[in-house]
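Q: Residue numbers (our numbering), protein chains in the order written: chain S, 16 to 127; chain C, 8 to 125.
These are computed hints drawn from the structure, not numbers from a lab.
C-beta: ideal position from N, C-alpha, C; glycine also.
Every clue listed holds true.
If you anchor each label on the Cβ, the simulated ranges turn out as follows:
1. 25/S with 73/C: 32 to 40 Å
2. 83/C with 66/S: 27 to 35 Å
3. 28/S with 29/C: 34 to 42 Å
4. 69/S with 59/C: 35 to 43 Å
5. 110/S with 48/C: 17 to 25 Å
6. 21/C with 84/S: 50 to 58 Å
7. 22/C with 54/S: 27 to 35 Å
8. 16/C with 24/S: 19 to 27 Å
9. 73/C with 111/S: 22 to 30 Å
10. 28/S with 35/C: 35 to 43 Å
11. 66/C with 22/S: 19 to 27 Å
Taking beta-carbon pairs under 7 Å as the criterion, some of the chain S residues facing chain C (in silico):
12. 61
13. 108
14. 112
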Amino acid sequence: GNSVTQMEGPVTLSEEAFLTINCTYTATGYPSLFWYVQYPGEGLQLLLKATKADDKGSNKGFEATYRKETTSFHLEKGSVQVSDSAVYFCALSSGNTGKLIFGQGTTLQVKP
Amino acid sequence: GAGVSQSPRYKVAKRGQDVALRCDPISGHVSLFWYQQALGQGPEFLTYFQNEAQLDKSGLPSDRFFAERPEGSVSTLKIQRTQQEDSAVYLCASSPLGPGQGATGELFFGEGSRLTVL
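With the hints as constraints, model all of the structure from the sequences given.
A: This is how it looks when you write it as structure tokens:
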């Protein structure tokens, strides 16, 4: 079946450091890929998405590229801020309902 | 309201009690999903509604779990005879699109209902 695997956290970085959170997936067909973020005390919200191979999703300085050959969708940001501290979830959607399958989440803590 | 609203935000139940969790999706949203999120884990799919029709309940862990959306808007997740392993955050999400309308996985989530079973 379909599944998503993320690097384990927590990830602790200093402000302005480079961020990579790895995500790989297993899926039949051609899924859409997502990163959702959960800030402390808030609900999950969509950060970025990519719907086909080689697409790059981007938002708020974060980027991820849909790599079909490596079945990956790694999240990157060039310079993190304290306000980026949150839990990040990689997810995929296949089929026609929009149902999401999530990874286990990666906690990011950015220190001043 | 502007977003997905869930109530109660926190619920403590004694083992064996029944609980009901409510979800108010964004007005006009066709699709509604329930997820279960255990501590330190990602959300796990429970069930899906398109309007009032429950099209997928493959993720419900047992027959103690029941969900409904009788008028195609508000939904209720009911858990009967709660067990300690039911302790989790229950997330509701909605989408304006349904099957055949280009539904893509862009969901709007509520803040969740945290259930603790003692």
